[in-house]
Amino acid sequence: MTNTRSFIERTFHALLRLYPADFQTEFGDEMLEVAMACWKEKRMSGFVEKCRTFLKEAASLLVLAPREWMRSFLKRPLSPGRAGVRCALAFAIGVLALRLIESSLGPLGDTSILFYQVATLALRIAIYALIGLAMGLLLKAKKIGPLVVAWVLGAIASSGVRFATARILGDSLDLLTVSGQLTLNVPANAIFGLIVGLGFRLVHINGRKPRFPVLKSMLAFVAMSAYSMLNTTFTYSRYMQIGWPLSLALFYAISFTACFVAGGLLCILVVGRPYLAREGMVQ
Amino acid sequence: MKRTAPPSESRSMSESTFLILLSVADAPLHGYGIMKRVQRLSSDRVRLSTGTLYGALKRLLDDRWIEPVIRRAAPAKETTRTRREYRLSDRGRKMLSAEALRLRSLVEAAAAPEFQAALEMSR
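From first to last, the protein sequence lines are chains A and B. Position one of the first sequence corresponds to residue 6 (the numbering used here), numbered consecutively onward. Position one of the second sequence corresponds to residue 67 (the numbering used here), numbered consecutively onward.
If we strip away everything but chain B, and leave its shape as in the complex, we get (with noise of 0.2 Å):
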């Protein structure tokens, strides 16, 4: 059945998106800990707060880009409440690999000799 409307794939991926997508890309993280880890990524110049964070869980998950593991509280603390992390799918992963590759050869372009007088870039 053919489909008309653009698939989400489609959409450019915001900054904050791909910070995300690369703090999961290693292990599964909660939410708190996507947030210090997108932090430390960006060398502190994005500051994700707890509504763009979830908004943009809920959007990942939907797309099926990262995927929830669930886990119980370490027995230590004598509860049983259970943890949701996040982990990358392998949907996320392409997506992820692509953004990368793509990133990587505009900094390639703009790393060019004729340009480095432009920008005043040093080598």
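The shape of chain A in the complex, shown without the other chains (with noise of 0.2 Å):
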């Protein structure tokens, strides 16, 4: 049968493949069927209409299958563990290369030089931006905007903590000065978990509004204080050059593992009662 088939049918066969199984499911045959059906009614006609409808066809199956898949994604039911997982990676990846191009900077991004501070402030206010958005977008939220703001205002704060810090201990290595900004960051990165909180607070997921949130989003942000911790470890590493080549290897690699189990702890702590509600295990 399938050698049979033209070479449009094949055509339209192939694009029907790009939707969701479900859909193909759902509505494949009859999809082709109906688009076979178009192209048929005009085989009397010239070749430029027979073009024009194959095209028509062949176009609108390509454009509209990856919104199938969008709807399919935001119809899918949303669980602690897979939200988490997802949202855990957007902001692992976008806190490494944070730290990538911070890093690139060299020591340039380490002086005083007030251009150097607002740029380096500038890019870590847009990744986080961006980890706002693909939270929102990966948790389904109903709105994204109160969550984009809310990480741009916790990255303001917490920076404004930290150069605040900076200012009164100094940035000399020695252990005491290091000890304070790593003992201060943990309220820094709670003000940011608190902002980011609120934020939460205001959107909706799986169509309700998540319990607490501003608590779970402090927790989470306190245990990324770890994070802090191993960052200024690393760092202090590399002054005392020990290994420099494996020390930064490390560095990334925990500081990812870090960002990723804070990231995952903070959206499964969000989604968790939401779902649960949802799908009737709780009140």
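Keep in mind that the hints were calculated from the coordinates and are not lab data. Each hint should be verified, as a subset may be incorrect.
Here are the simulated DSS-like cross-link-like pairs (lysine-lysine), alpha carbons at most 30 Å apart as the crow flies [what the hints assert, rightly or not]: (1) A/Lys55 <-> B/Lys160; (2) B/Lys160 <-> B/Lys102; (3) A/Lys80 <-> B/Lys124.
Take the two lone chains, each set in its own frame, and fit them into one complex as the hints suggest.
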């Protein structure tokens, strides 16, 4: 049967395979039949009209496939685990990108020149805005704007705290200063978590408002202080010239894992309750 | 249980959706039949492609505005193939009536004497 299929039919059939499996099962045969009926209707028309019909049908099948994938993605129930893993990846990739770009700035990024400080802050804000956007999309939130704004404000606030800390404690690498910076990273992250949590309060996930998002978000961000600790420890070891390439590789691997865990924790905590409530597992 | 997400009914109805619902209002039709009827109802202005039509049909089925009707092919064709047609559901009928009323009130508003000159409408 397949051998007798015309080129047109095979093309339509191939294009229909771009659609999600459930859509194909439900409408695939019918769509092929209708597309072929449209084509056959123009069979007696001129070459131009036949080409126009074929291109119109083929283009519509091609263009509308991503929309059906998006619909299928948005319709699928969002389990805390799946949401957590996806958002954790978005978060970890974002933070890793930030770290890589910051390190590529080299010693310039570490100077106290205002331009570089502003540029670093702008970069930080842009990447956190992207993380907020990615999380909103991946969590299928009804409104994404508040999340993006919350991530941006959180980045500004926590950067402000870190900036103030550096001003007060100085940037020397003696143990006392480093310990002080590490300790003050905890409130800086808590403020970040507070603002992001306030953002989560304004969005609906699985058609519901998350419960205690501020508390959960602060908890996840404070857990992220472990990442700041690693960051400082490895920066410190870099200055102490302890196996630089190995240290760098370890730093990126461990900080990626730390961000993955913290981001995943945040999303699982925030999504968990609405999901369970939706599934009727809790009141 | 309070549902906070906006219900799908609150979405505005597109012209294509309106015409698809209208085309299956009196009798069930299969995909190609709907396509042709929409074309006729819109005086050849709206020509749905297969992708657009089935995207809309899926949404309407999900929202339960239309429902499928399974029909066996005619016995003369000596085949066991079934064919799916679509018809308007009670819910879809309510939505279509509401939209038709809304459109009628808009047309009536635009047809008011004070707008005749501005819109250059012929009586």
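Hint check:
1. A threshold of 30 Å between alpha carbons decides the hint, and for A/Lys55 with B/Lys160 the separation of about 40 Å lies outside it, so the pair is violated.
2. With a C-alpha separation of about 24 Å, the suggested pair B/Lys160 and B/Lys102 falls inside the 30 Å cut-off, and the hint holds.
3. Between A/Lys80 and B/Lys124 the CA atoms are separated by roughly 12 Å; this keeps the pair inside 30 Å, and the hint holds.
Going down the numbered hints, you'll see the structure goes against just number 1.
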